[in-house]
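Chains as they are written, first to last, in our numbering: chain W, 1 to 92; chain R, 1 to 254.
Calculated from the structure, these hints are not laboratory results. All C-beta atoms, glycine included, are put in the ideal place defined by N, C-alpha and C. Misleading hints may appear alongside valid ones.
Stated by the list, open to error - Chain R stretches covered by chain W per the calculated footprint, using a threshold of three residues with CB under 8 Å from any CB of chain W:
id : segment
1  : 165-174
2  : 210-218
Stated by the list, open to error - Restraint-style ranges between C-beta atoms, simulated for each label pair:
id : chain 1 : residue 1 : chain 2 : residue 2 : range
3  : W       : Arg32     : R       : Ile16     : 41 to 51 Å
4  : R       : Val104    : W       : Phe56     : 48 to 58 Å
5  : W       : Gly16     : R       : Thr46     : 44 to 54 Å
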Amino acid sequence: MESLVLIGMVSIIIGGLTIAIGSIGPALGEGRAVAQALSSIAQQPDAAGTITRTLFVGLAMIESTAIYCFVVTMILLFANPFWNYFAARAGG
Amino acid sequence: MDVMDITAITPDQVIIWQWRFVSINATILYTWLVMVLLVLGSWLVTRRLSSGPRLSRWQNLLEVVVTAMRDQIREVSHQQADGYLPFVGTLFLFIAVANLLSIVPGYYPPTGSLSTTAALAICVFLAVPLYGIAHQGLGGYLRNYIRPTIFMLPFNLIGELSRTLALAVRLFGNVMSSAKIVAILLAITPLFFPILMHALGLLTGLIQAYIFAILALVYIASATRAHHDPEGATPEQQPVADKPTPELHERGDR
Chain W
1 MESLVLIGMV SIIIGGLTIA IGSIGPALGE GRAVAQALSS IAQQPDAAGT ITRTLFVGLA
61 MIESTAIYCF VVTMILLFAN PFWNYFAARA GG
Chain R
1 MDVMDITAIT PDQVIIWQWR FVSINATILY TWLVMVLLVL GSWLVTRRLS SGPRLSRWQN
61 LLEVVVTAMR DQIREVSHQQ ADGYLPFVGT LFLFIAVANL LSIVPGYYPP TGSLSTTAAL
121 AICVFLAVPL YGIAHQGLGG YLRNYIRPTI FMLPFNLIGE LSRTLALAVR LFGNVMSSAK
181 IVAILLAITP LFFPILMHAL GLLTGLIQAY IFAILALVYI ASATRAHHDP EGATPEQQPV
241 ADKPTPELHE RGDR
């Protein structure tokens, strides 16, 4: 029982920290990318199509780091293998 | 969203029908549903095609979609679209329809399961060497791995694997997160907010379909083209290659 409490506590804390810290970097990066793309479009409206397409692909690349953090958080909170293991041991 | 409880993060866990060791979960069911929808829809539309001035409404829709995909492929890969359209277009259509159908109540997008996205990413992983070998031969393709020097071989191999993983996890994470956010918001602030997030989820789903297809295309095109880059392909690449230059020039002026 003791280990279950510990695992639950650590999972929740680390889950929150993961998504909190993990979204800082991508947020800064996406902000920079969008700002740069907007100024490029303002300077060169002709190339707007190419810039927008590249921007979207780049944003997806940047965002995937945040998504990795999110997936890890979701696994920690909802599908935690350690929690399941110890819960099964405590139950049976 | 109705089919899953809030703690389930993948539709694989929802067993719909089971007989002995054979079980059908929500992912399989909805994947087949999307496939049937796509195949039946295309079959019904393309049964009576006309090349005259009077088009049926649905033929017009399909023509717009296919033409847009061809244009995108030609712009991104700087090559003829014919070879890539079947694979890349199928990826895009499947993911887009799978994501957009999430406005239907009771439906959960199969792309929100890591199994589906991993399968799609593995398709891309296998398609890259197939296209590469078909275009430049076995030796030409394998030489790409030692392209700058032989020391880059392990990094190229790792890059090949990690981008496959990234493709799978990106699509899974995005679709799963938009579905999960709606489910969580439904529990705490019902009625209005979830609708907004749902609309955002539709947009994200379409963009993710686009990005998955474009990334697959970029990977395949880099495998087929890398060989000719230094000397060949100049006439076709010229308009694209000189596009960034005025911008740089202009920014230098400022």
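Which hints from the list above does the structure break, by number from lowest to highest? Result: hint 4 breaks, nothing else.
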